[in-house]
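Trainee: So the chains spell out like this:
2 protein chains.
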Amino acid sequence: MLNVRLFEMEKFLNTSYEEELTSRLQEAQEKLQTGSGAGGEFTGWVHLPESYDREEFARILAAAKRIQSDSQALVVVGIGGSYLGARGVIDCLCSPNYNLKKKSTPNVYFIGNGLSADALQETLDLVSDVDFSVNVISKSGTTTEPAVAFRFFREALEKKYGKEAAGRRIYATTDKARGALKSLADAEGWETFVVPDEIGGRYSVLTAVGLLPIAVAGVDIEALMAGAAEMMRTCARGGLDCPAWRYAAARYALYQAGRSVELLACYDPAFRFMSEWWKQLYGESEGKEGKGLFPASVDFTADLHSMGQYIQEGRRLMLETVVRLGASDSELRVPRDETDGDGLNFLAGETMDFIRDRAMEGTLLAHTEGGVPNLIVEADGKTPAALGQLIYFFEYACGLSGYLLGVNPFDQPGVEAYKKNMFALLGKPGYEQRRTELEAKLNR
Amino acid sequence: MLNVRLFEMEKFLNTSYEEELTSRLQEAQEKLQTGSGAGGEFTGWVHLPESYDREEFARILAAAKRIQSDSQALVVVGIGGSYLGARGVIDCLCSPNYNLKKKSTPNVYFIGNGLSADALQETLDLVSDVDFSVNVISKSGTTTEPAVAFRFFREALEKKYGKEAAGRRIYATTDKARGALKSLADAEGWETFVVPDEIGGRYSVLTAVGLLPIAVAGVDIEALMAGAAEMMRTCARGGLDCPAWRYAAARYALYQAGRSVELLACYDPAFRFMSEWWKQLYGESEGKEGKGLFPASVDFTADLHSMGQYIQEGRRLMLETVVRLGASDSELRVPRDETDGDGLNFLAGETMDFIRDRAMEGTLLAHTEGGVPNLIVEADGKTPAALGQLIYFFEYACGLSGYLLGVNPFDQPGVEAYKKNMFALLGKPGYEQRRTELEAKLNR
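The listed protein sequences correspond, in order, to chains B and U.
Note that the first sequence covers residues 0 to 443 in numbering that gives the first Met the number 0.
Note that the second sequence covers residues 0 to 443 in numbering that gives the first Met the number 0.
Don't read these hints as lab results, they were simulated from the structure.
Any given hint could be a false lead.
One copy or two, either will do: identical chains are not told apart, so a pair holds if it fits within one copy or between any two.
[Unchecked claim] In silico lysine-lysine, DSS-like type, Cα no more than 25 Å apart, as pairs: (1) K440 <-> K10; (2) K100 <-> K158; (3) K175 <-> K158; (4) K10 <-> K418; (5) K158 <-> K101; (6) K419 <-> K10; (7) K102 <-> K64; (8) K101 <-> K419; (9) K418 <-> K159; (10) K175 <-> K427.
Because the structure is a prediction, the values reported are computed rather than measured.
Excised from the complex, chain B in its bound form (with noise of 0.2 Å):
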């Protein structure tokens, strides 16, 4: 089972600072359990592990094994919270180099997250001598990058294969009744999964939107499931030895203690996606009304050797979160090498799990000496299952950190700013005036 290790707190923090916050934290624990908090019509995430519709979960093992079996690539078409969560699980239990690796799945090509044409153009020309299906991600379908990236994949597919069989190839993840991308699901005939209403992107990784890419990819989603229901029963008991609430508590009376950047790192680089999709959920959650720990990630040791500097000497402004996934699939041992030249036959026939964790544990140490607070999330190990575990555990600790910091953790105002302006530079009919005013101050 996951495990929150707090080391040397101490160090920072007054030792009553759990029980102090417990009251605050039944608190929070009440309103994410009954909904009652504010935002509280988007915790549908909370039963979700066991109160998921198993005809639709039925309905994605059955796509999956579909596009297994005719497709060599599925493109995955969304952004933010229709791309992260996919992209972290796939990437942390298949590889960051799944789509290079010699496989029985299909290549997963994530695109619509952002408006480069080098990367649509290059993920067109990797689909184009193969058979491919595609997955739609849009609550309402008309959130521009995913909208226009499926406008070219769409033209691809029908040129392919003709409208008729290209329509079998779509799989639209989108509004269970409303919307554009829903609308022209049912007049075309696509097949359709639903993002739930009551779950906010960020948290909507164990919906379809995560689980058909997921599934595609080889991943065993139902022992996903499972991880994610045990840590889901955990959370319900609540208490100071629940992980969420510990981790939640600590980061929590660090930023009140001063700091202002929380660093989620990591042993594996596998790992890399699954912290973009940590940042995505606390930044958004957390970062409103002036708040907030400032999300950031490494990925160590190689950033130990970039960032490990300003970690050891520079602005005390952070808390580090290490994420332990345990062991590794391969168990690699260290050459022998006759002359050694390198010095480092005393590793000779150690396995690389043994250097990793006496790196991690060097690093714990300096770190915690060098004046940066050090908490410690032990993964049940690298499986589906514990990352289940994981991904409820981050999400829970997001909730229950929202509420502590006194703000909406289902809500992200911010992100309209810049699609707004955005939509008025573009000429989108209705912002004229807008469009006037922002292209004024832009050639002042």
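For chain B, the structure is supplied; the task is to place chain U on it using the hints.
Mentor: Using the frame of chain B, we list chain U on its own:
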């Protein structure tokens, strides 16, 4: 030519801040130009774009040609400054999809930049049935991560080709005269390239350290150096119209005014690892003595849908530096869709770059309005010459910044702390006493 634009800076800074910093900038300028400041023995990169060793440069081009002709893959073994620069340039100019794309140049795999068994095993698998070469990059040859990885890949090469032929596929970039790797290379007859004494790892991308892998990927390294030389001449003149002066002055003034995080943003996902290179450059140069801006990065527009909320409305910690790369290689235009279900036909026929640039402007206005000062680095395009300019620009501005901050921008004393602990915990001979102490702390 690269340009730095400061947008509505009068909102955040006294308009006279540049003038007030002029004499201190001039001082820093002289230290860099003459090598008379702290760490002056490591300012070899300042004149490098004109003083570099032409004979070695020709050997780099020849080696790249040889690798291109006899290898389907190049394995680059290195960490920190021996990793991020080459990775950044290749991703940026050849695409993050470089290894997936059809092309006439070898795949390039980066390894030895961490301790992941899975990453090692996967890379061993990826080269198992292709012809490959290895470029091992390490000043000393004893840094744990690359040294351990090199043992695996040397063994793989020797198994595949036999010791002698394997030796013709190993390229060692290392100290010119001393150290474990240089001795080994000389003994084995491997071709060697030089990590200059007077250039630290994070400033070394335009030496053989970066140039060999970059050339193997087919990038025009002569154009890269020419671009750097152009920027070198601009920086050598200095003055308040020099982009490096302007950038260094603005970020320092904002730091003095209370900003603690610098966020590097780019609208091209291919820039991700250039941002990682930048983080090492600035984090390692400035993050000492309890000082320095914390360097973080975002990939727009993707991260406008994750970190965007925090940037718009979270704690006002940040300044934002936006790198604008210019025109994409591909000129894709948005397809018209008869039904216009997504409401985007007002964009039909527009290029992706047009949309991206309006998104950038819209974001600039939104973030500035939200209280985040924006500096814009307008690169001269997405070409080797423009990237050469950009690299030198960031290096030079970093040197200036370090001196403004009052630190030695060329050392990294804090990087040793984790290493010493790691060696002790790994049981390295000579660290017995420390091991006992550390283990006691861990088991407390």
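Trainee: Next step is simple, just say for each hint if it's right about the structure.
Mentor: We went through each hint and held it up to the structure:
1. Taking the shortest alpha-carbon separations for K440 and K10, only the inter-copy value of 13 Å comes in at or below 25 Å, while the best intra-copy value is 49 Å.
2. Taking identical chains as interchangeable, the C-alpha atoms of K100 and K158 lie at most 25 Å apart only when they sit on different chains, with a minimum of 22 Å there against 29 Å within one chain.
3. With identical chains, the CA atoms of K175 and K158 are never at most 25 Å apart, being 29 Å at best within one copy and 57 Å at best between copies.
4. Proximity of K10 to K418 under the C-alpha cut-off of 25 Å is restricted to the inter-copy arrangement: shortest distance 23 Å between copies versus 44 Å within a copy.
5. Proximity of K158 to K101 under the C-alpha cut-off of 25 Å is restricted to the inter-copy arrangement: shortest distance 22 Å between copies versus 28 Å within a copy.
6. In this assembly of identical chains, the alpha carbons of K419 and K10 lie at most 25 Å apart only when taken from different copies (22 Å versus 46 Å within one copy).
7. With identical chains, the CA atoms of K102 and K64 are at most 25 Å apart within one copy only, with a shortest distance of 15 Å there and 32 Å across copies.
8. Taking the shortest alpha-carbon separations for K101 and K419, neither the intra-copy value of 44 Å nor the inter-copy value of 39 Å comes in at or below 25 Å.
9. Taking the shortest alpha-carbon separations for K418 and K159, neither the intra-copy value of 33 Å nor the inter-copy value of 55 Å comes in at or below 25 Å.
10. Taking CA atoms no more than 25 Å apart as the test, K175 paired with K427 passes in neither setting, with 27 Å inside one copy and 60 Å between copies.
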